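Undergrad: Sequence:
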Amino acid sequence: MASRSSHTDKTDLSQSISNHSQATEAASRDPSSETTVPASPLAMTESRAQTVTPNDNITSSDTQRNLSNDDDTIAAALNDPYGLRDSKRSDVTRKSILIDHPQGKVKKIKKYYNRQNALIDSYLGSADEEALEHEDALKNGGKVKFAIYGSSTVNFFLFIIQMYAAVSTGSLSLFGTAADAFMDLVSSIVMLITSRLASKPNVKKFPVGRKRVETVGIILFCALMTTVAVELIVESARSLGDGPRDDDSLKIIPLIFVGIAIFSKGCMFVYCFLLRRYPAAAIFMQDHRNDIFVNVFGLIMSIVGTHFRKVWFLDPAGAICIACLILFSWASTAFEHMWYLVGKTAPQDFLNKLVYVSVTHDPKILKIDTARAYHAGDKYYVEVDVVMGQDERLKTTHDVAERLQRKLEGLADVERAFVHVDYDGLHDISEEHKPLYSPQEAKVPLMERMKEKMPFRHREKAAQEDVIV
Numbered sequence: 013m014a015s016r017s018s019h020t021d022k023t024d025l026s027q028s029i030s031n032h033s034q035a036t037e038a039a040s041r042d043p044s045s046e047t048t049v050p051a052s053p054l055a056m057t058e059s060r061a062q063t064v065t066p067n068d069n070i071t072s073s074d075t076q077r078n079l080s081n082d083d084d085t086i087a088a089a090l091n092d093p094y095g096l097r098d099s100k101r102s103d104v105t106r107k108s109i110l111i112d113h114p115q116g117k118v119k120k121i122k123k124y125y126n127r128q129n130a131l132i133d134s135y136l137g138s139a140d141e142e143a144l145e146h147e148d149a150l151k152n153g154g155k156v157k158f159a160i161y162g163s164s165t166v167n168f169f170l171f172i173i174q175m176y177a178a179v180s181t182g183s184l185s186l187f188g189t190a191a192d193a194f195m196d197l198v199s200s201i202v203m204l205i206t207s208r209l210a211s212k213p214n215v216k217k218f219p220v221g222r223k224r225v226e227t228v229g230i231i232l233f234c235a236l237m238t239t240v241a242v243e244l245i246v247e248s249a250r251s252l253g254d255g256p257r258d259d260d261s262l263k264i265i266p267l268i269f270v271g272i273a274i275f276s277k278g279c280m281f282v283y284c285f286l287l288r289r290y291p292a293a294a295i296f297m298q299d300h301r302n303d304i305f306v307n308v309f310g311l312i313m314s315i316v317g318t319h320f321r322k323v324w325f326l327d328p329a330g331a332i333c334i335a336c337l338i339l340f341s342w343a344s345t346a347f348e349h350m351w352y353l354v355g356k357t358a359p360q361d362f363l364n365k366l367v368y369v370s371v372t373h374d375p376k377i378l379k380i381d382t383a384r385a386y387h388a389g390d391k392y393y394v395e396v397d398v399v400m401g402q403d404e405r406l407k408t409t410h411d412v413a414e415r416l417q418r419k420l421e422g423l424a425d426v427e428r429a430f431v432h433v434d435y436d437g438l439h440d441i442s443e444e445h446k447p448l449y450s451p452q453e454a455k456v457p458l459m460e461r462m463k464e465k466m467p468f469r470h471r472e473k474a475a476q477e478d479v480i481v
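Numbering-wise, the sequence shown is residues 13 to 481 according to my numbering.
Hints listed in this document are in silico derivations from the structure and should not be mistaken for laboratory results. Bear in mind the structure is a predicted one, so any value in this text is a computation, not a measurement. Glycine included, each C-beta is placed from N, C-alpha and C at the ideal position.
Result set (BS3-like, lysine-lysine): computed pairs, CA atoms no more than 25 angstroms apart in a straight line:
no., residue 1, residue 2
1, K120, K107
2, K391, K223
3, K216, K391
4, K119, K100
5, K391, K212
Cβ-Cβ distance ranges computed for the label pairs, FRET-style:
no., residue 1, residue 2, range
6, K407, L286, 45 to 51 angstroms
7, V118, L96, 21 to 27 angstroms
8, A249, T105, 51 to 57 angstroms
9, A249, M462, 42 to 48 angstroms
With the hints as extra help, turn the sequences into a complete structure.
TA: The following block contains the structure:
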C-alpha cells in the first residue's frame, strides 16, 4: 500500500550536492585553487558583486544590467538547482529525431522525449500548483456545477422521452435505453448529493474533510448501473424465449424523440469532455458517452427488429448487447475506485516528484529517508521522512518541516501531507510504526508437508525401495 523510496539514491544525490557546495565555497575563498568543480550560479553572483567597486570603469547602466542578470541567475538557480530545464528537448519533430537517431524508432523516441519534458515541467512547476488549482477553481468552478446540474436536468427529461418511446413502440431495446435513462437519473441525484456533501465540510465530525464521499458516490453509481444491466439481460433472454411479438408496427414520433435524446446527450458529452479533469465531470462524460452508443445501437436494433419480421430477434439481442456493455464499463470503473478507497500506491513518477520537491526544499535537509504516497479517494496522502543535522535547533527543524509539509499539500494531487524529521538515516523504518502485517513463517515445501501428514505410507515406500536395491 505504500512505497519506500530508494534510500541509497537519495543519499548519493544529497552527498553530491554537499560535495558540490563545499567545492564551490573553497573555490570562492581561494581563487588560486585548481578545483575542477564549476562554481554554482550563486557563488558566481556573489564573487561578481564583490568585484564591482566605485573605482571600476563601469557605467551605472551597465552595473544595473549586470545586477539584473545576476538576479535572474539567482532565481534560476533556486528554481532549478539541478539544471533540469537544460535537459528538455525543445524540438521533438520527426525530422529532428531522424537526424539525431537515424536508426531509432521515431514513435518510441518521440514518446520518450515528450514524457521526459512533461516530467521536467511537473518538477519545476510544482511550486505553482496550488495557486494554479485555486485560480482554476475560481475560473471553472461554475462550469463544473453547470455540468453536474445540467446533466441531471437532461437525464430527467430524457427519461420521460425515452419511457414514452418505449411504451409506444413496445421495443425491448428502447425499454433498455429507458431503464438506462432511469438509472442515470437516480445516479445523477446520488452524484449531486455527494458533491454537495464534499463541498460542505464538517470539521467536528470529519476533521480532514469529506472529499472521499465523491469516490463513494461513484461506486454507488456503478452499483446501480450494473444492477440495471443484469435486469435487462434477464428480460431480454425471456423475450427471446417467448418468440416474435404480434404487433410489429413502426411508429415514427417516438423514434424522433429518441433522436432528440441522442442529440442532447451528445451536447452534454462534448461539454463534460472539456472538463474531464474534474472527477464529477469525468463520470458524467463517461455516462453520456455510453448513453450515446446505447441509444444509437438500441434505436437501430429496434427499427430493424420491428420492420423486418425475419430478424425479430435482433431487438432482444441488441438489448442483451447493451446490457453487457453497461455491465462491463461500470464494473471496471467500480473496481478501479474501490482500490482508491483501499489505499493504492501512487505511480512511480509521482513518488519521484515528491523526492525532488523534498530534496530541493531547503539546504538543511541532508537526505530523504522515505517517501510514500497512497490514494485516499481520488487524491493522495503523502508521508515523507527527511534527515537533518542532529545539531540543528528544534525551532529550525520544525519550521523547515512545516514549510515542506505545506509545500507538499500545495501539489495538485495531494490531499494531506505528513513530514517526519530524523537525525540519521540508518534506522529501520518498520520500528517507527506498529507492523501492518503479522510476521509469516517460511513456507514448507508441498512434499515435506505430505510426508508429515502421511508418515506410514512414506515409510512403506522407502522400505520397498530398500528391498529392490
